[in-house]
Amino acid sequence: MSVPRERIRNFSIIAHIDHGKSTLADRILEQTKSVSLRDMEDQILDDMDLERERGITIKAHAVTLVYNAEDGQDYVFNLIDTPGHVDFNYEVSRSLAACEGAVLVVDASQGIEAQTLANTYLAVDAGLEIVPVINKIDLPSAQPEHVRQEIEDVIGIPADEAPCISAKMGTNIGAVMEQIVKHVPAPDGNENDPLRALIFDSYYDAYKGVIAHVRVKDGCVHAGDTIRMMSVGSEFTVVECGYMRATCFEPTGYLEAGQVGYITASIKAVKDANVGDTITRADNPATEPLPGYRAVQPMVFCGIYPADGAKYPDLRDALEKLQLNDAALSFEPETSVALGFGFRCGFLGLLHMEIIQERLEREYNLDIITTAPSVVYHITKTDGEIISIDNPTNYPDPSLIAQADEPITNAHIYTPKEYVGNIMDLCQERRGVFKDMSYIDTDRVDIHYELPLNEIIYDFFDALKSRTRGYASFDYELAGYQKSDLVKLDIMLNGEVVDALSFIIHAEKAYPRARKMAEKLREKIPRQLFEVPIQACVGGRIIARETVKALRKDVLAKCYGGDITRKKKLLEKQKEGKKRMRQLGTVEVPQEAFMSVLKLDE
Amino acid sequence: MNKIGLYIHVPFCEKKCPYCDFYSVRGTEELLDDYTNCLIERIKYEQERIGRPADTLYFGGGTPGLLGGKRIARLVEQAKACFGLENAEITAEVNPGDHLEDFLQGFAFAGGNRLSIGLQSANDEELRLLGRRHTAAQAAETVHAARRAGMQNISLDLMLGIQGQDRESLRRSIAFCAEQDVEHVSAYLLKIEPRTVYDKRRDSLKLPDEDETCALYLLACEELEKAGLKQYEISNFAKPGFESRHNLKYWHCEEYLGLGPAAHSFLNGKRSYYERDLRAFMAGAAPVTDNDPEMPAGCPEEFAMLALRLTEGLRDGAYEARFGTPVSDTWKRAAKRYEQAGLTECKADGFRFTRRGFLVSNALLSEILYNS
Numbered sequence: 001m002s003v004p005r006e007r008i009r010n011f012s013i014i015a016h017i018d019h020g021k022s023t024l025a026d027r028i029l030e031q032t033k034s035v036s037l038r039d040m041e042d043q044i045l046d047d048m049d050l051e052r053e054r055g056i057t058i059k060a061h062a063v064t065l066v067y068n069a070e071d072g073q074d075y076v077f078n079l080i081d082t083p084g085h086v087d088f089n090y091e092v093s094r095s096l097a098a099c100e101g102a103v104l105v106v107d108a109s110q111g112i113e114a115q116t117l118a119n120t121y122l123a124v125d126a127g128l129e130i131v132p133v134i135n136k137i138d139l140p141s142a143q144p145e146h147v148r149q150e151i152e153d154v155i156g157i158p159a160d161e162a163p164c165i166s167a168k169m170g171t172n173i174g175a176v177m178e179q180i181v182k183h184v185p186a187p188d189g190n191e192n193d194p195l196r197a198l199i200f201d202s203y204y205d206a207y208k209g210v211i212a213h214v215r216v217k218d219g220c221v222h223a224g225d226t227i228r229m230m231s232v233g234s235e236f237t238v239v240e241c242g243y244m245r246a247t248c249f250e251p252t253g254y255l256e257a258g259q260v261g262y263i264t265a266s267i268k269a270v271k272d273a274n275v276g277d278t279i280t281r282a283d284n285p286a287t288e289p290l291p292g293y294r295a296v297q298p299m300v301f302c303g304i305y306p307a308d309g310a311k312y313p314d315l316r317d318a319l320e321k322l323q324l325n326d327a328a329l330s331f332e333p334e335t336s337v338a339l340g341f342g343f344r345c346g347f348l349g350l351l352h353m354e355i356i357q358e359r360l361e362r363e364y365n366l367d368i369i370t371t372a373p374s375v376v377y378h379i380t381k382t383d384g385e386i387i388s389i390d391n392p393t394n395y396p397d398p399s400l401i402a403q404a405d406e407p408i409t410n411a412h413i414y415t416p417k418e419y420v421g422n423i424m425d426l427c428q429e430r431r432g433v434f435k436d437m438s439y440i441d442t443d444r445v446d447i448h449y450e451l452p453l454n455e456i457i458y459d460f461f462d463a464l465k466s467r468t469r470g471y472a473s474f475d476y477e478l479a480g481y482q483k484s485d486l487v488k489l490d491i492m493l494n495g496e497v498v499d500a501l502s503f504i505i506h507a508e509k510a511y512p513r514a515r516k517m518a519e520k521l522r523e524k525i526p527r528q529l530f531e532v533p534i535q536a537c538v539g540g541r542i543i544a545r546e547t548v549k550a551l552r553k554d555v556l557a558k559c560y561g562g563d564i565t566r567k568k569k570l571l572e573k574q575k576e577g578k579k580r581m582r583q584l585g586t587v588e589v590p591q592e593a594f595m596s597v598l599k600l601d602e
Numbered sequence: 001m002n003k004i005g006l007y008i009h010v011p012f013c014e015k016k017c018p019y020c021d022f023y024s025v026r027g028t029e030e031l032l033d034d035y036t037n038c039l040i041e042r043i044k045y046e047q048e049r050i051g052r053p054a055d056t057l058y059f060g061g062g063t064p065g066l067l068g069g070k071r072i073a074r075l076v077e078q079a080k081a082c083f084g085l086e087n088a089e090i091t092a093e094v095n096p097g098d099h100l101e102d103f104l105q106g107f108a109f110a111g112g113n114r115l116s117i118g119l120q121s122a123n124d125e126e127l128r129l130l131g132r133r134h135t136a137a138q139a140a141e142t143v144h145a146a147r148r149a150g151m152q153n154i155s156l157d158l159m160l161g162i163q164g165q166d167r168e169s170l171r172r173s174i175a176f177c178a179e180q181d182v183e184h185v186s187a188y189l190l191k192i193e194p195r196t197v198y199d200k201r202r203d204s205l206k207l208p209d210e211d212e213t214c215a216l217y218l219l220a221c222e223e224l225e226k227a228g229l230k231q232y233e234i235s236n237f238a239k240p241g242f243e244s245r246h247n248l249k250y251w252h253c254e255e256y257l258g259l260g261p262a263a264h265s266f267l268n269g270k271r272s273y274y275e276r277d278l279r280a281f282m283a284g285a286a287p288v289t290d291n292d293p294e295m296p297a298g299c300p301e302e303f304a305m306l307a308l309r310l311t312e313g314l315r316d317g318a319y320e321a322r323f324g325t326p327v328s329d330t331w332k333r334a335a336k337r338y339e340q341a342g343l344t345e346c347k348a349d350g351f352r353f354t355r356r357g358f359l360v361s362n363a364l365l366s367e368i369l370y371n372s
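Protein sequence lines correspond, in order, to chains A and B.
Our numbering numbers the first residue of the first sequence as 1 and each following residue consecutively.
Our numbering numbers the first residue of the second sequence as 1 and each following residue consecutively.
Among the clues, some could well be false.
To be verified - Dumping the calculated DSS-like pairs for lysine-lysine here, alpha-carbon to alpha-carbon at most 25 Å:
hint: 1; chain 1: B; residue 1: Lys191; chain 2: A; residue 2: Lys578
hint: 2; chain 1: A; residue 1: Lys553; chain 2: B; residue 2: Lys270
hint: 3; chain 1: B; residue 1: Lys200; chain 2: A; residue 2: Lys573
hint: 4; chain 1: A; residue 1: Lys568; chain 2: B; residue 2: Lys270
hint: 5; chain 1: B; residue 1: Lys336; chain 2: A; residue 2: Lys575
hint: 6; chain 1: B; residue 1: Lys239; chain 2: A; residue 2: Lys558
hint: 7; chain 1: A; residue 1: Lys569; chain 2: B; residue 2: Lys230
Said to hold, decoys possible - Examples of chain B residues toward chain A, derived with CB under 8 Å:
hint: 8; residue: Tyr188
hint: 9; residue: Glu294
hint: 10; residue: Cys299
hint: 11; residue: Arg309
hint: 12; residue: Leu343
hint: 13; residue: Phe358
hint: 14; residue: Val360
hint: 15; residue: Asn371
FYI, nobody ran anything at the bench for these hints, they're computed from the structure.
The beta carbon of each residue, even a glycine, is placed where N, CA and C say it ideally should be.
Let the hints inform the model, and build the full structure from the sequences given.
See the structure below:
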């Protein structure tokens with residue numbers, strides 16, 4: 001596969017969720033015969049179960065393909081897949097930085113959506129050549145010419161050559177390939193310069209250690225070289241490097257400027273091969289790393305506890321293993337009166353959090369309880385000290401707080417114009433501050449709001465979908481901190497505060513939320529031998545109250561004929577049931593009660 | 001060694017009651033004969049195998065009354081011949097309204113001395129709603145017939161929480177029991193068992209709600225005691241000295257042999273039962289061992305679970321006689337937590353459940369045995 005650099009094409013595919021990015025990737029794999037039909041499982045690139053189910057790419061993946069073009073020449077295509085969710089924007093930007101071009105897939109019936117725009121701008125900012133493609137022309141509602149115009153008007157790139165395709169049916173894929181050959185520039189760079197390779201993805205493999213996916217920008221790297229991670233300074237010896245083919249690794253012993261491939265170097269954890277970092281050679285180091293490295297910053301935090309306290313070490317092991325592969329996941333031990341020993345975990349966003357929870361449950365078979373997600377608040381105390389709080393337990397006494405600040409986002413919502421009213425109502429409810437609104441085309445608008453991050457981490461996206469019948473899309477970025485009127489809401493069961501149910505909330509929101517939580521807990525907590533009062537309070541003042549009545553009747557009245565097995569079974573069932581309960585003081589609370597109060601709008 | 005109890009299941013009913021999940025089939029004269037013969041052989045066989053005397057014999061059903069005088073007499077006599085049954089309590093369950101003269105004569109003649117009559121209610125409308133074919137008047141006749149046959153120990157069954165029942169009608173049912181001057185009453189809360197007709201019709205039943213059912217139970221306990229029938233178990237009430245000796249064996253975790261399909265045994269530290277299959281039983285099928293690793297037969301938890309059905313409760317004396325140590329302090333402490341709420345009564349030598357405690361005894365047991 002020795003192909004000169006001018007016949008290498010490094011590109012990403014960018015698209016909104018469900019616009020067909022992965023399907024197009026699969027077709028390209030198929031047409032370059034990179035995968036035999038037998039191995040062809042739908043959406044090869046999304047190889048985590050979760051990704052397949054959610055239909056989104058969580059991690060970037062890359063693959064090297066050979067395409068025999070119409071000019072008779074073989075071209076090397078390095079297809080770099082990008083994550084498709086705003087939580088992973090940074091990963092997207094690094095994947096794009098590894099490319100010279102991006103195939104922009106737009107759904108012929110849906111048109112341009114928030115993510116399309118957000119990712120396209122990221123690509124444009126990265127200096128990429130955009131190759132627009134209009135997908136799903138097989139749909140009856142497809143309006144390819146309308147979408148073509150939209151691409152030109154909204155994104156401002158020529159779209160007259162954009163192929164109209166159906167990735168699903170395999171229609172016109174060849175035109176996409178030719179567009180890539182024609183429009184995506186060949187990589188530049190000099191193999192004689194000191195090595196600079198950009199890590200755009202890395203993951204942990206039980207046999208090889210960390211496998212870093214890299215784009216070599218300058219110089220070259222060989223097996224046996226000692227390499228250095230420029231951000232942290234750690235050094236490793238390259239064990240293997242080569243291409244990532246669709247179904248296997250192809251070791252080549254070296255990688256040079258312009259190429260995309262993998263490097264293994266007995267690296268123990270992905271945090272030693274951070275996405276965005278630059279690899280150089282220890283014996284001939286580059287002076288400057290590649291631009292754009294950013295340490296990952298968790299934005300959302302929650303407590304994760306094993307349902308069974310004895311599984312604490314298992315949970316720690318599982319988190320450590322996940323972290324090997326996910327430098328964005330942070331965790332440290334914490335204890336809760338209600339839940340015992342667990343971990344405070346930090347995530348890029350809510351989706352990232354949900355993914356980690358699901359992986360813990362599915363891949364590690366752990367029963368876990370999570371506490372309400374929280375953002376990081378900045379609290380200025382009366383003595384002038386400024387502290388960051390991501391855990392309600394550490395929230396200072398109100399008398400010690402001089403000022404509280406909360407993170408604010410710049411949010412863009414793209415929607416057909418008939419939903420503008422609904423969206424503005426929603427953003428108003430979420431304490432949004434309207435910034436501006438512009439028309440994307442005659443019937444779609446871009447609404448720009450400033451929204452507090454803690455208003456969008458629970459269920460904003462769900463609420464947005466339901467109020468716009470799924471038509472609106474949404475994208476946000478952190479825009480700093482603002483002074484806010486925050487309070488800590490506590491829940492008491494039988495007079496005792498349950499720390500795991502506390503959270504920090506805007507003062508105006510405390511009352512309705514307290515009501516809802518108390519109601520939900522009353523539904524979820526089974527009757528017990530005692531009456532259980534549920535109280536929600538702010539600063540010692542009770543603002544909502546409910547009662548779980550005492551159990552009245554639970555008896556096997558008949559126990560005759562010597563048949564005591566039923567009685568025993570009943571008792572055993574009760575004993576089993578207890579295992580799913582949390583003993584909080586005198587009150588037993590089922591695990592699902594903790595979860596349900598996090599989803600109050602269901 | 002203590003004498004054992006003997007239980008014989010008579011799995012025949014003319015008609016299945018819609019709430020009942022005890023095992024029964026329709027019986028023909030021929031089948032009743034065959035079954036009786038089969039039991040007689042089994043009694044002999046078990047006597048040889050076990051070689052221990054018994055001092056209680058209980059015919060449960062089904063409808064033992066269907067056996068008629070001759071068959072019941074043969075069975076009682078065979079049991080006596082094999083298991084001694086000296087000064088024994090010998091009970092049979094009967095339905096009011098059945099033609100019982102012949103049965104009662106044979107039963108009493110062979111030595112039967114206790115009759116348990118399925119009254120259920122003294123209110124004819126409630127009986128109709130329950131799917132019973134008898135009336136209160138017929139039940140009164142059955143009591144008289146039993147007395148005439150020489151029964152000096154008669155028990156009436158009542159049901160609580162049934163369709164149409166309210167506090168007033170329950171008072172009338174209890175007054176009926178008092179008028180009949182019976183020695184014993186069993187009053188059970190209706191429980192809808194899976195796979196019964198009631199279970200299928202669950203949604204259309206107009207049953208008293210949970211709070212009302214609890215009130216009915218507490219009322220029954222009070223009224224029965226006023227009538228001189230003292231509560232000794234969750235659902236059982238007796239004049240002093242007339243507590244069911246056979247049933248007490250179950251609750252005292254003592255040993256018994258059960259014969260017949262669906263009959264349970266507890267012998268030599270092992271619990272076992274026959275499948276709910278008359279043909280298989282008659283063909284000689286072996287009992288199934290009820291091996292429960294979570295709660296081995298005769299273990300402290302099982303002993304406590306049964307003892308706490310009784311008003312005497314769980315006491316150091318009986319417990320120590322069985323296990324060599326007093327009742328565990330953890331259990332005692334756990335029970336103490338519910339005294340304030342009126343669910344338990346605790347003393348230094350043990351504890352018991354109150355009536356309100358009985359009503360939630362499943363949850364309470366699980367709290368005390370497994371949450372301490």
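Do the hints match the structure? See the list:
The suggested pairing of lysine 191 of chain B with lysine 578 of chain A holds, with an alpha-carbon distance near 23 Å, which does not exceed 25 Å. Only pairs whose Cα atoms come within 25 Å are accepted, and lysine 553 of chain A paired with lysine 270 of chain B is rejected, the gap being roughly 31 Å. Between lysine 200 of chain B and lysine 573 of chain A the alpha-carbon distance is near 23 Å, which keeps this suggested pair within the 25 Å criterion. Annotation: proposed proximity of lysine 568 of chain A to lysine 270 of chain B holds, straight-line Cα distance about 15 Å (limit 25 Å).
Distance hint between lysine 336 of chain B and lysine 575 of chain A is fulfilled; the C-alpha atoms sit about 20 Å from each other, no more than 25 Å. Between lysine 239 of chain B and lysine 558 of chain A the CA atoms are separated by roughly 20 Å; this keeps the pair inside 25 Å, and the hint holds. Between lysine 569 of chain A and lysine 230 of chain B the alpha-carbon distance is near 29 Å, which puts this suggested pair outside the 25 Å criterion. The restraint placing tyrosine 188 of chain B at the interface with chain A holds, with a minimum CB-CB distance near 4 Å, inside the 8 Å limit.
A cut of 8 Å between beta carbons decides the hint on glutamate 294 of chain B: the least distance to chain A is about 5 Å, and the hint holds. Restraint check, cysteine 299 of chain B versus chain A: the minimum CB separation of about 10 Å is more than 8 Å; hint violated. Given hint, arginine 309 of chain B at the interface with chain A, holds; its Cβ is 6 Å from that chain's nearest Cβ, closer than 8 Å. The interface hint given for leucine 343 of chain B is met, as the beta carbon of that residue sits about 6 Å from the closest beta carbon of chain A, less than 8 Å.
Interface hint at phenylalanine 358 of chain B: satisfied, since its Cβ lies 6 Å from the closest Cβ of chain A, which is below the 8 Å cut-off. Proximity of valine 360 of chain B to chain A holds as hinted, the smallest CB-CB distance being about 5 Å (cut-off 8 Å). A cut of 8 Å between beta carbons decides the hint on asparagine 371 of chain B: the least distance to chain A is about 7 Å, and the hint holds.
Of the numbered hints given earlier, the model fails hints 2, 7, 10; all others are met.
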